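S.K.: Each chain, written out:
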Amino acid sequence: MMSGSWTRRMLVIRWGLLAFTALTLLYLVMPTFIVVPMSFSSQSYLSFPPPGWSTKWYAQMLARPDYPAAFINSLKVGVSVALLSAILGTLAALGLVRGRVPGERSLVSLILAPLMLPQIILAIGMYPIMAKLGIIGTTAGLVIAHTIVSLPLVYITVSAALRSYPATYEIAAMTLGANWWNCFWHVTFPMIRLGVGVGAILAFAFSFDELILALFLAGPESRTLPRLLWNDLRVYVTPIIAAATTLVLCLSFVLLGLAAWLQRNAQRKEARS
Amino acid sequence: MNAERLAAARRKAWTLQHGYIAMLVLPCLVLCVFFVWPMLMVLLRSFTDPTLNIDNYVEIFARPAYLRVLWNTLVVAFTVTVLCLLISYPVAAVIAGFKGGLLNLCFALILIPFWTSTVIRTYAWMVLFQRKGVLNGFLQQVGLIDQPLELMRNFIGVQIGMVHVLLPFMILPLLSTLRGIDPVYMRAAGVLGANPVRAFLHVYLPLSMPGISAGVLLVFITALGFFITPALLGSERQMMIAMLIEQQVSVTVNWPLASALSTLLLVVTISIYLVYERLQRRIAAGVLA
Amino acid sequence: MTTLAASGMGATVRYDGVAKAYGAVHALRPTTFEIGSGELVSIIGPSGSGKTTLLGVTAGYITPTAGGILIDDRDITGVAPFRRNIGMVFQNYSLFPHMTVAENIAFPLKMRGMAEGERRERVSQMLQTVRLDGFGDRRPSQLSGGQQQRVALARAAVYGPLLLLMDEPLSALDKNLREEMQYEIKQFQRSLGATVLYVTHDQNEAAAMSDRIGIMNEGRLVQVGTARDLYEHPSSRFVASFLGEANLFQVLSRSATADGLDIETAEGGRLRAAAREGSVACVRPESIRIGPADGSYENRLTGRVTDAVYTAGSLRYRVDLPSGMAVTVRQPSERDVVLHPPGSEVELAWRASDTILVEEG
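Chains as they are written, first to last, in my numbering: chain A, 5 to 277; chain B, 664 to 952; chain C, 921 to 1281.
Careful: at least some of the hints might be erroneous.
[Stated by the list, open to error] Interface residues of chain A toward chain C, partial, derived using beta-carbon atoms under 7 Å:
1) 34
2) 46
3) 173
4) 175
5) 176
6) 179
7) 180
8) 181
9) 182
10) 183
11) 186
12) 191
13) 194
[Said to hold, decoys possible] With the Cβ distance kept under 7 Å, some of the chain C side facing chain A (calculated, not the full set):
14) 979
15) 981
16) 999
17) 1001
18) 1008
19) 1018
20) 1027
21) 1032
22) 1035
In short, the hints are calculated from the structure, not lab data. All values reported here derive from a predicted model rather than from experimental measurement. Don't be surprised by glycine CBs; every beta carbon is placed ideally from N, CA and C.
Assemble the whole structure, with the sequences as input and the hints as a guide.
M.R.: Structure follows, in structure tokens:
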């Protein structure tokens, strides 16, 4: 009798926990996916489910000159950020993982810090410096700012890749006659390119979504999509935003899927050898 | 002669280490110009603009309006962290027991919002929470309420939005720690006569501390500097420090005060991080001892 | 093969007080010695004794803090590894996993700007030499350990380096394969006339392969010589106990006599030894006779057998002396040899010439 009520109570707790987990996961995902049907709504007011379906918000979005321009700006900035942080992050990871650098711990903290600190502080700090250097409001300025924050992402993925194989590969290449560049190009890079690729994708994804730095450092010419969405959101909530948001979501998922696919491939390759 | 020759050779000697250190020059240069210099300037400006004194800080702590913003920031960051922990812990514990496809599905569901921009997610909450929004519409249709609920422009809206954004930051570190706990420990505790509550308190909970501390650190630090969610879902009354900084720059153009506020946020963030590192090291040392 | 030998393998190497310190830690203390042309010298020693540092300094990826290295009288101390023309075989082989076997072997030739056609010819020649014909298109991960080992060897030798360095190349292989590869490497080295510096932790391997063996301890090259030299004339307590087995007696006092040396030891009382300097007396287990012996054995001790083990071809005893010291004795097990059971009192005897005096340290 005692034990019967005990097991029943355990069962209730078990199912309660499962239900709670399911609800939490729903809470995490649902709001994002409400936006997608919203963008196909036939009505301008926000209701769910939409009373009818149409693609007019997408058409209106494309008809407005600022949305396509912002989208292209975001792509331009994102690709540049991905390239630049891939180069700088890989250099930093090579130096810190393979080299015996004095003060290594503080250097690693310095590299990771921009990712940990609130972006508003970086924005406040960079604004006057970039004004002094004459790159405030330019695409170049925004690219540099985003690179500072996404460099740690590449550093993390590439240093993990470098730690996954022994340093003797590079030393072997050098004894066989490869100079620094040949050693990197023929040996190191083929071994770490997945880490570099995943890091670059993360850097692009970060830049593509980033708002606060763009808010302070971008000018009218370099206005990115999140910045434009922000401006519109503060004025009025229209389904055009939902349409743009859906597009951004699609791009994010493609990138996330690509990164996951690259990593899975790498793991499978590792398992094979 | 020999010593001379060696000394000459040593001066131009090729060294592997020098090559690797040379690779750090470019990244460090970029970081110095666009990260270290800006941070130092913020610090400097907060003390020297307009004159060399601590007036900017005095102003922050003397004005009730500013003090309220600081208080808001701490309270919101704290409650959001606690809420995240309370929600995440059982969820992570349940998911940690999953395997295969179910586990991957859960990971995907946690990662999808993680990789969705905060602007977009906050927009989704606005769609849900507006007076004529989805949630009010639904509740009115069902007949639970007559008048639309005020879900935005208050702390509840801000907190629901922030918890939503920050939940993955808590679940992920917890999950990685909980998945590392061998179920043998819990079974052993049961065999040794501990009831489930005691086994949880004395075995499972202590073993999950690294995940808890990492999650709490991440969520609290990120919450302190939050801008987008409180700005869109809250009102003036729910202002947090990042919003105040933005306002000082773009509305009142008071750079010295913005610098002082930024310095404050910077110092608090770094201090929390340092305390965390200390604790981590002590935990690690304790485990080894 | 002739083309390889002609390109100058088999240089002489001179270490001229070369040393490496990391702050206060001396990984390699000033080391001076020479390797002759076509000689295979093994370096053995416990881990952390400086073997790997010596290799690194020679290959060039570790820069020495003092001294220098000369190859064929050219000072290469400050020269980058990729300009040294030295070949190295690594412990884990370090075959590039993203290249095929042929690409791996061609890599050093490509780095030297050799034309594609010539490169292919050399690679196939080399694959033949290491008996891996037809394996050129495989990936290293598709080969067995022994095959990978041979590819690594081929890659390190294909460009006719002045010197071949090998860092425990056989440690990843199982015992039988290891012995076969020892022979193969030796053959390979002889046919090329290559100078080889070979690092291993296995003294049998070193003895089987090398012309000379160097023993390292705590960053110091303590003794260099042939395997026999080292075994019969160790210079120190460390060498005596590191190479093979040794019974060591602490010398308290010594007095020269007409035909040798009388020494007083802590563990064995008065012993007779061949005249030599040293404060430790070393007696090899196989030079001790167990049981009654004739007058030609100057040293006699009694003890109690505490353990007797029969191992392939020999009997191994552990005999406790009255002083408490345990002496190891090894005897070939011939048919008529009497087995002394544990517990029995026995007499141990050995010749004065078998008491080798060595230095402390």
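S.K.: Next step is simple, just say for each hint if it's right about the structure.
M.R.: Status of each hint after checking the structure:
1. Interface restraint check: residue 34 (chain A) against chain C, minimum CB-CB distance 44 Å, threshold 7 Å, status violated.
2. Annotation: residue 46 (chain A) was flagged as interfacial toward chain C, and the flag is violated, the nearest CB pair being 54 Å apart, outside 7 Å.
3. Among the interface hints, the one on residue 173 (chain A) holds; its C-beta lies about 5 Å from the nearest C-beta in chain C, closer than the 7 Å criterion.
4. The beta carbon of residue 175 (chain A) comes within 5 Å of a beta carbon in chain C, closer than 7 Å, and the hint placing it at the interface holds.
5. Satisfaction of the interface hint for residue 176 (chain A) is found here, the shortest Cβ-Cβ separation to chain C being roughly 4 Å, below the 7 Å cut-off.
6. Taken as an interface hint, residue 179 (chain A) checks out: its beta carbon lies about 4 Å from the nearest beta carbon of chain C, inside 7 Å.
7. Interface hint status for residue 180 (chain A): upheld, as the beta-carbon distance to the closest one in chain C is roughly 4 Å, under 7 Å.
8. At about 4 Å, the closest approach between the beta carbon of residue 181 (chain A) and any beta carbon in chain C falls short of 7 Å, and the interface hint on this residue holds.
9. The beta carbon of residue 182 (chain A) is positioned within 7 Å of a beta carbon in chain C (closest approach about 5 Å), and the interface hint is therefore held.
10. Here the hint on residue 183 (chain A) is kept, as its CB sits about 5 Å from the closest CB of chain C, short of 7 Å.
11. Because the closest C-beta pair between residue 186 (chain A) and chain C is about 6 Å apart, less than 7 Å, the hint holds.
12. Against a cut-off of 7 Å between C-beta atoms, the interface hint on residue 191 (chain A) holds, since the closest Cβ of chain C lies about 6 Å away.
13. A distance limit of 7 Å between C-beta atoms decides the matter here; for residue 194 (chain A) the minimum to chain C is near 4 Å, and the interface restraint holds.
14. Annotation: residue 979 (chain C) was flagged as interfacial toward chain A, and the flag holds, the nearest CB pair being 5 Å apart, inside 7 Å.
15. Satisfaction of the interface hint for residue 981 (chain C) is found here, the shortest Cβ-Cβ separation to chain A being roughly 5 Å, below the 7 Å cut-off.
16. Of the supplied interface hints, the one on residue 999 (chain C) is violated, with its beta-carbon coming no nearer than about 12 Å to a beta-carbon of chain A, more than 7 Å.
17. A cut of 7 Å between beta carbons decides the hint on residue 1001 (chain C): the least distance to chain A is about 4 Å, and the hint holds.
18. Proximity of residue 1008 (chain C) to chain A holds as hinted, the smallest CB-CB distance being about 4 Å (cut-off 7 Å).
19. A least Cβ separation of about 4 Å between residue 1018 (chain C) and chain A falls short of the 7 Å threshold, and the interface hint therefore holds.
20. At about 6 Å, the closest approach between the beta carbon of residue 1027 (chain C) and any beta carbon in chain A falls short of 7 Å, and the interface hint on this residue holds.
21. Among the interface hints, the one on residue 1032 (chain C) holds; its C-beta lies about 6 Å from the nearest C-beta in chain A, closer than the 7 Å criterion.
22. Because the beta carbon of residue 1035 (chain C) sits about 16 Å from the nearest beta carbon in chain A, more than 7 Å, this interface hint is broken.
Of the hints listed earlier, those the structure fails to meet are numbers 1, 2, 16, 22, in rising order.
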